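Take the sequences, apply the hints, and build the full model.
As you go down the protein sequences, you meet chains C and G in turn. Start counting the first sequence at 1; every next residue gets the next number (my numbering). Start counting the second sequence at 1; every next residue gets the next number (my numbering).
The set of hints was computed from the structure by calculation and includes no laboratory data. As the structure is a prediction and not an experimental result, all values here were calculated from the model. Among the hints, a few may not be true.
Pairs count within a copy or across copies, as identical chains cannot be separated in the list.
Once the Cα atoms are required to be at most 30 angstroms apart in a straight line, the calculated BS3-like pairs of lysine-lysine come out as [unchecked claim]:
#1 K56 with K233
#2 K29 with K87
#3 K359 with K193
#4 K56 with K43
#5 K43 with K323
#6 K8 with K56
#7 K233 with K8
#8 K229 with K8
#9 K229 with K323
#10 K362 with K233
#11 K43 with K8
#12 K359 with K29
#13 K233 with K91
#14 K257 with K87
#15 K193 with K56
#16 K29 with K257
#17 K91 with K362
Protein chains: 2
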Amino acid sequence: MTSNELLKTYEESTQQLAGHGPRNVAVLKNAFESIDGNMSSDKYGSGAVIEDFQGKMAEFLGKEAAVFFPSGTMAQQIALRIWCDQKGIKKVAYHPLSHLEIHEEDGLKELHGIQTILLADRGRVIELEDVTSMDDDIACLLLELPQREIGGQLPSFETLEAISAHCRQKGIKLHLDGARILECLPYYGKSIKEVCALFDSVYLSMYKGIGGIAGAILAGDEDFMAQSKIWKKRHGGDLISLYPYILSAETYFAQRKNRMEEYYLNAIELAAHFNSCEGISTIPAIPVTNMFHVHFEEAPDRLAPILIQAQQIMDIGITGYLKAGETGCWFEVSVGDQYNRIPKGKVAVTFEWLAEKLKTLK
Amino acid sequence: MTSNELLKTYEESTQQLAGHGPRNVAVLKNAFESIDGNMSSDKYGSGAVIEDFQGKMAEFLGKEAAVFFPSGTMAQQIALRIWCDQKGIKKVAYHPLSHLEIHEEDGLKELHGIQTILLADRGRVIELEDVTSMDDDIACLLLELPQREIGGQLPSFETLEAISAHCRQKGIKLHLDGARILECLPYYGKSIKEVCALFDSVYLSMYKGIGGIAGAILAGDEDFMAQSKIWKKRHGGDLISLYPYILSAETYFAQRKNRMEEYYLNAIELAAHFNSCEGISTIPAIPVTNMFHVHFEEAPDRLAPILIQAQQIMDIGITGYLKAGETGCWFEVSVGDQYNRIPKGKVAVTFEWLAEKLKTLK
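Here it is, written out as structure tokens:
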């Protein structure tokens with residue numbers, strides 16, 4: 001009952017702290033408003049709509065070629081499969097909380113028969129030593145930047161360079177799970193091409209920071225991408241028409257690709273607001289992208305009524321859910337377009353009110 | 001050069017004999033015109049948009065449950081995989097020209113390790129005897145209705161009933177590749193529920209006769225459909241948002257589901273026009289659905305100039321391509337909304353002109 005009320009008051013608030021706004025049909029309608037109805041659909045991976053966008057993204061990422069996929073799940077399994085086949089080793093390594101390990105019903109294992117080595121502890125990112133001390137012979141190492149399930153943490157750029165150099169020397173392919181890679185650039189102070197140059201293959205989501213409807217880009221060399229198209233067909237991802245996703249991705253990519261620094265700086269500001277309340281802490285303490293996790297010492301059932309009240313009184317959406325943690329509870333924040341629409345004074349008052357209310361729980 | 005000209009004049013003609021019209025962005029814009037922008041997206045298979053449509057389609061097909069997939073390729077591989085796992089036999093049977101055998105880059109074999117038995121000769125449909133005389137132990141038999149690659153031919157309904165009874169008796173699951181199943185109903189004189197009742201699982205395409213943008217429905221019993229959702233995630237088909245396909249499918253399903261008899265009768269009329277020309281014959285001679293293949297005795301390079309001229313003079317699109325056959329060449333026709341928009345007299349004159357011109361090639 002309380003959890004429904006939390007979601008309800010979150011959705012009913014005029015503005016939310018995080019995100020770009022509601023995931024509704026207007027996202028599609030707005031993207032298509034200025035597009036001519038006579039534009040031809042793509043057709044099974046061919047046609048100007050898909051080929052032009054793929055070319056643009058390959059150029060943007062600094063790779064020879066790129067292919068648009070309906071999902072990152074599909075794109076990444078395929079990338080790992082190609083590298084495994086090329087090396088003749090059906091084994092890859094990634095973080096224990098990788099999307100492939102915890103959110104894909106073991107597709108990589110069930111469909112591709114690929115074994116996985118889990119590197120590093122769940123609570124931290126993969127460091128150079130995790131890679132160099134690996135005994136197993138693997139075809140590919142996948143790095144997720146940022147590591148979403150631990151609040152969007154990042155290794156240093158020097159670590160990335162060292163891991164990349166090590167993998168090249170050992171003949172291990174390096175794949176970037178870059179669902180949110182644009183969101184990392186302001187912290188690294190690097191261009192997208194400089195980051196992608198460290199990797200043999202790169203995946204980028206069209207609906208995280210970019211805020212499209214769905215879809216993903218996979219980029220790499222010509223031969224790799226040609227193979228990926230065959231696997232895309234095998235997976236059932238070579239749809240007759242992907243343009244609803246492609247054209248909306250193109251619209252929102254143009255609108256948001258240069259706003260990542262704004263989201264990042266706002267995330268730092270917003271995290272500081274949360275950390276100013278007793279009983280709340282964020283991971284990371286200072287965000288390195290637009291995202292972080294908010295942890296509460298209190299249990300969900302004691303906390304939710306306060307958050308519900310805050311959302312109702314302030315008309316600001318803080319969260320629609322609370323997940324039980326080992327102690328207390330938590331939720332995820334990804335800052336987007338909405339934060340700047342809320343007057344700074346109103347945000348400050350909201351957190352002052354919240355801090356006072358949390359004290360009453362002691 | 002000539003083949004480009006054929007496509008160009010086809011696309012430039014105001015009306016085409018076959019199809020619903022151009023596959024362009026207007027198909028999406030028209031479908032979304034009346035949809036409220038505040039409608040929430042589906043989310044990874046949940047939400048009213050997807051659940052309501054799935055419920056409606058399950059009810060329509062007379063099955064316990066239905067799941068919306070981005071593609072038929074994905075839906076059908078998954079259906080066969082589930083039946084194979086259930087029976088513990090990784091072998092299925094289908095027609096030599098099944099979509100799974102010739103258009104999916106062997107996804108069924110490469111991703112699922114399923115062996116295939118090819119039934120019947122390429123030029124005819126699967127009959128009861130092909131099934132009863134099969135030596136191999138299989139988990140599932142797939143029947144494609146109509147058999148698209150041979151012009152949309154159909155077995156008799158009595159044959160379907162006999163094959164279904166045989167499979168049930170032998171414990172073989174029967175799957176319907178019903179990409180175009182609605183298009184078969186007028187000829188069979190049966191309801192969709194009567195046809196689907198013969199099958200354990202049913203696939204229906206959203207962009208053939210229905211004319212949506214992309215997507216597919218898979219239907220069957222509750223347990224089967226629950227398993228299909230797990231495999232949908234593994235395949236990378238459980239997108240955060242499928243609503244661009246679902247809502248357009250819903251729109252065009254409502255518009256066209258009751259027009260299949262009109263398309264079928266028009267296909268019979270149009271095929272007769274083709275057959276009235278010397279050197280042209282259709283397969284089937286009398287269509288049993290809205291589709292057929294048009295075969296020419298002449299080679300493409302001798303024929304194309306005449307078709308180009310016809311398309312230019314009459315402003316009617318006949319075909320945009322010609323495929324070389326063992327002798328002569330051919331193309332596929334699927335009659336849709338467009339045929340009725342062309343005055344009957346104009347169609348007749350076009351074919352009279354074509355018949356005269358073909359005589360000059362002798």
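Results of checking the hints against the structure:
no.: 1; hint: K56 with K233; verdict: both (22 angstroms within a copy, 29 angstroms between copies)
no.: 2; hint: K29 with K87; verdict: neither (45 angstroms within a copy, 46 angstroms between copies)
no.: 3; hint: K359 with K193; verdict: neither (48 angstroms within a copy, 62 angstroms between copies)
no.: 4; hint: K56 with K43; verdict: both (18 angstroms within a copy, 28 angstroms between copies)
no.: 5; hint: K43 with K323; verdict: between (42 angstroms within a copy, 18 angstroms between copies)
no.: 6; hint: K8 with K56; verdict: between (40 angstroms within a copy, 27 angstroms between copies)
no.: 7; hint: K233 with K8; verdict: between (40 angstroms within a copy, 28 angstroms between copies)
no.: 8; hint: K229 with K8; verdict: between (42 angstroms within a copy, 27 angstroms between copies)
no.: 9; hint: K229 with K323; verdict: between (38 angstroms within a copy, 24 angstroms between copies)
no.: 10; hint: K362 with K233; verdict: neither (58 angstroms within a copy, 43 angstroms between copies)
no.: 11; hint: K43 with K8; verdict: between (41 angstroms within a copy, 16 angstroms between copies)
no.: 12; hint: K359 with K29; verdict: neither (45 angstroms within a copy, 52 angstroms between copies)
no.: 13; hint: K233 with K91; verdict: both (23 angstroms within a copy, 21 angstroms between copies)
no.: 14; hint: K257 with K87; verdict: neither (35 angstroms within a copy, 50 angstroms between copies)
no.: 15; hint: K193 with K56; verdict: within (13 angstroms within a copy, 47 angstroms between copies)
no.: 16; hint: K29 with K257; verdict: both (20 angstroms within a copy, 26 angstroms between copies)
no.: 17; hint: K91 with K362; verdict: neither (50 angstroms within a copy, 64 angstroms between copies)
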